[in-house]
Amino acid sequence: MTEQFQSDVPAPNVDLDNRVFWDAASRRELKFGRCCQCHKSYFYPRHFCPLCLSADVEWVSASGRGEIYSYTVMRRAERPFALAYVRLEEGPSMMTNIVECDFDRLSIGQAVEVVFVQSKSEALVPMFRPTER
Amino acid sequence: MSAAEFTTGRAYIAGAFEHPTRLATEQSIAQLHAEVARGALLDAGLGIGDVDAYYTADAPGLGPMAIVEHLGIKPRIVDSTDVGGSSYLLHVNHAAQAIAAGKCNVALITLAGRPRAEGKMTVASKFAGPDVGFESPYRSQVVSMYALAAARHMYEYGTTSQQLAWIKVAASTHAQHNERALLRNVVTVEEVVNSPMVADPLHRLDCCVITDGGGALVVVNAEIAKSLSRPRVKVRGAGEAVKHIYGGYPEMTSSAAAASGMAAFAEAGVTPADIKCACVYDSFTISVLIALEDLGFCPKGRGGQFVSDGNLISGVGKLPFNTDGGGLCNNHPSNRGGMTKIIEAVRQVRGEAHPHVQVPNCDLALAHGTGGWISSRHASATLILERA
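Residue numbers (my numbering), protein chains in the order written: chain A, 212 to 344; chain B, 127 to 514.
There's no promise every hint is true.
Simulated restraints, written as ranges between beta carbons of each label pair [as the list claims (entries may be wrong)]:
no., chain 1, residue 1, chain 2, residue 2, range
1, B, 245, A, 291, 20 to 26 Å
2, A, 221, B, 246, 15 to 21 Å
3, B, 368, A, 270, 42 to 48 Å
4, B, 370, A, 310, 23 to 29 Å
5, B, 398, A, 271, 42 to 48 Å
6, B, 377, A, 286, 22 to 28 Å
I should point out that these hints are in silico values taken from the structure, not numbers from a laboratory. A quick note: this is a predicted structure, and the numbers were derived from the prediction, not measured. For each residue, glycine too, the CB sits at the ideal point set by N, CA and C.
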């Protein structure tokens with residue numbers, strides 16, 4: 212009998228502010244925000260631009276490519292994991308985890324790509340893995 | 127009238143009290159609020175009937191109201207601004223402005239909590255902001271959010287774990303003289319960097335203690351201050367600021383201390399070189415290093431060198447810091463270290479710190495707090511206190 216792998220990843224709490232994001236994640240799309248008024252890209256995506264407060268905003272699908280802005284390995288967790296901010300190719304940075312990696316070989320500036328990881332529920336959560344593995 | 131002319135010199139800290147406990151199994155939070163309030167008012171030589179303004183953060187009940195009733199206060203001003211551990215420094219700023227405007231005369235500020243007795247690790251966020259839904263699956267905690275800033279600071283400036291360790295060494299050197307401190311043993315750089323890694327690059331000894339208890343302050347107008355018998359501590363300058371990541375553009379090697387410090391120094395009309403003692407929020411060693419740079423005690427990126435070789439140790443270095451042992455060794459009550467920073471700064475200005483750590487002629491001291499996550503959203507406040 213195969214052992215069920217129990218994910219450590221908490222299921223997202225979907226609400227009015229984030230349901231577009233999590234709905235897209237379930238389709239393996241990573242959404243960020245872009246303002247049609249000031250043309251800035253931002254994360255987390257929201258209904259108003261956080262830079263000029265325009266309501267004329269879009270939820271844009273990211274390429275999934277980025278680089279590590281900073282990271283830390285939580286050593287005292289039962290199964291250690293890496294918390295990070297990844298700077299998306301499109302500009303803004305997002306909080307995430309780095310997976311499918313050797314924690315001791317991570318570095319700031321390292322190229323990463325998005326993967327969608329199963330959480331404790333059925334919901335998929337965007338995380339990043341090193342592009343070179 | 128400029129902001130500085132309006133406020134500076136119009137408010138004094140007349141009472142300051144740090145609860146002696148570090149583990150409060152027998153007292154409720156409300157009782158701790160009452161005990162620190164009584165302690166600060168006794169210290170000032172005032173009574174609860176004199177209080178006409180009340181400030182707190184994270185008190186039980188709706189904002190400040192339950193504790194206002196519990197203590198029997200009739201306030202003309204209340205404020206329960208809660209930005210985490212720095213809240214109490216913002217409260218002093220707010221009280222000073224209210225006093226300067228004539229809206230109140232005697233402001234009481236209290237902090238109380240019992241995370242150890244309750245078995246809590248760190249402050250749990252009660253507030254489900256619009257950001258939480260994008261972050262909760264990634265299991266961030268306070269220590270990892272500060273570790274991110276430390277990692278980035280090391281990357282950008284070459285700061286080392288050994289340099290960060292000096293901050294703990296200095297705090298422990300002071301704490302040995304504080305009979306109330308939770309940790310009184312003096313540690314070495316080697317012991318800090320060899321302590322278990324919690325979240326790279328922060329080791330266990332890079333992290334502050336978890337304690338129960340609290341503290342309180344009484345802030346009064348100039349006339350009342352002059353009528354009291356204690357040494358006078360003037361709020362010469364105060365500033366506060368919030369920093370976040372501005373739509374996904376983090377800048378983790380500096381904090382809101384740059385803005386709050388600039389405002390405080392401008393109002394006070396003094397510079398970092400004038401400060402004899404600095405009580406700087408020390409949730410983690412990196413919190414101190416970043417703040418010292420931002421406040422202007424050393425250039426950005428040079429914090430590692432600045433804190434090394436005992437430069438923060440009273441009687442040894444150029445900038446005595448956290449002479450009670452700080453949150454790193456003495457007390458960080460209810461996971462909110464801002465109150466105790468102000469209390470030790472007041473002691474120093476009064477000349478009432480422990481003789482082994484008292485800075486000679488401490489006529490100007492600085493207290494600084496950072497609440498929240500230094501790597502993303504947080505609030506800072508800086509106070510400059512003067513012997514008057």
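So, going through the hints one by one against the coordinates:
The hinted range of 20 to 26 Å is satisfied by residue 245(B) and residue 291(A), whose Cβ atoms lie roughly 24 Å apart. The beta-carbon spacing between residue 221(A) and residue 246(B), approximately 19 Å, falls within the hinted interval of 15 to 21 Å. Hint check: residue 368(B) to residue 270(A), Cβ distance near 26 Å, so the stated range 42 to 48 Å is violated. Here the CB-CB span from residue 370(B) to residue 310(A) is close to 26 Å, well matched to the stated 23 to 29 Å.
Evaluation of the 42 to 48 Å hint for residue 398(B) and residue 271(A) yields a pass: the beta carbon distance comes to about 44 Å. Checked against the given bound of 22 to 28 Å, the beta carbons of residue 377(B) and residue 286(A), roughly 26 Å apart, stay inside it.
The structure fails to meet hint 3 from the earlier list, while all remaining hints are met.
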